[in-house]
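Heads up: the protein sequence lines correspond to chains A and B, in order. In case it helps, my numbering puts the first sequence at residues 1 to 155. In case it helps, my numbering puts the second sequence at residues 1 to 93.
You may find that some hints are simply not true.
Facing chain B, a subset of chain A residues (Cβ under 7 angstroms, in silico) [unchecked claim]: (1) T3; (2) S20; (3) S23; (4) K26; (5) S30; (6) Y48; (7) F55; (8) M59; (9) I62; (10) L64; (11) T95.
Simulated crosslink set (SDA-like; lysine to any residue; CA at most 20 angstroms straight-line) [claimed, not checked]: (12) K53/B - N43/A; (13) K81/B - N43/A; (14) K22/A - S76/B; (15) K68/A - F80/B; (16) K22/A - K53/B.
If you are wondering where the hints come from, they were derived from the structure by calculation, not from laboratory data. Think of the CB as a built atom: it goes at the ideal place given N, C-alpha and C, for glycine as much as any other residue.
Below, each chain spelled out in residue letters.
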Amino acid sequence: MITMLIVLAFIVANIAMVISNKSSFKILFSFLTSLIVFIFLNNIKYEYSDLYITFVIFMNFIFLGYVKFSQTGRVRVLPSSRNRMTNNLIPIVSTLISTLVVVILLNNVSDEILERDILSMKESAFNYFQDFNIMFVTGVTITILFFYIVKRVKE
Amino acid sequence: MTYILLISLIFITSAVSIYMMFARQNAVDSFVGLSHMFTLFVLVSHYIELIEKISFEGSLIIIFGVVFVVTALSISIIRFKQYQSSGNSNIEG
Chain A
1 MITMLIVLAF IVANIAMVIS NKSSFKILFS FLTSLIVFIF LNNIKYEYSD LYITFVIFMN
61 FIFLGYVKFS QTGRVRVLPS SRNRMTNNLI PIVSTLISTL VVVILLNNVS DEILERDILS
121 MKESAFNYFQ DFNIMFVTGV TITILFFYIV KRVKE
Chain B
1 MTYILLISLI FITSAVSIYM MFARQNAVDS FVGLSHMFTL FVLVSHYIEL IEKISFEGSL
61 IIIFGVVFVV TALSISIIRF KQYQSSGNSN IEG
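This is chain A alone, in the form it adopts within the complex (with noise of 0.2 angstroms):
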């Protein structure tokens, strides 16, 4: 029950990052999405998923720099013709890579996923409202909804 949760918590916070119109909620919602996935491997006892967690704070502390830097003027130019090349190259180039590697790395996998006693983890049947950090992440989120729907209906 708790784990088609997490998946619908999941599904619909992409949904609003890919819908949102503003990069600074994109962003939000991408964050959100991350740490959904950060809870759901520090449930399956995943040991490195603090790992996970840094690189995923310190790429979109990166992302938010950028994007409020831009929104300054202070780069802004005259509009002209379109950046087509480096803009959109790099991504593409860098998940390439990355696929390469998962592709090396998927090379010998069997396919043993109907198979039952090959996992040692079992179904999880743990109690999310006794986490002290879960219930403040709730905390903190809902007063930020807060203020901002307060904000909103002034306006």
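Place chain B on chain A using the hints.
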């Protein structure tokens, strides 16, 4: 159940990142697609660990994280340089 969850998370992440990276050509979309690709690679590496019963001991996360952070830094620097020389036609907002 957690197995199915992991697989579905991998599929959703890949679909969203591919959509964000190719469907709309905006800076923020490619950034968000990059971070989702990083999530996808971490999930896939953990999946390989579970199936093969081996442990990478976090080395793959470090490699992919460094690759993607350097990519993000270089993208932002290249875009700023490009904008200073020839201007910006799409406004990031």
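Of the hints given before, which are not true for this structure? Result: hints 2, 10, 13, 16 break, sorted rising.
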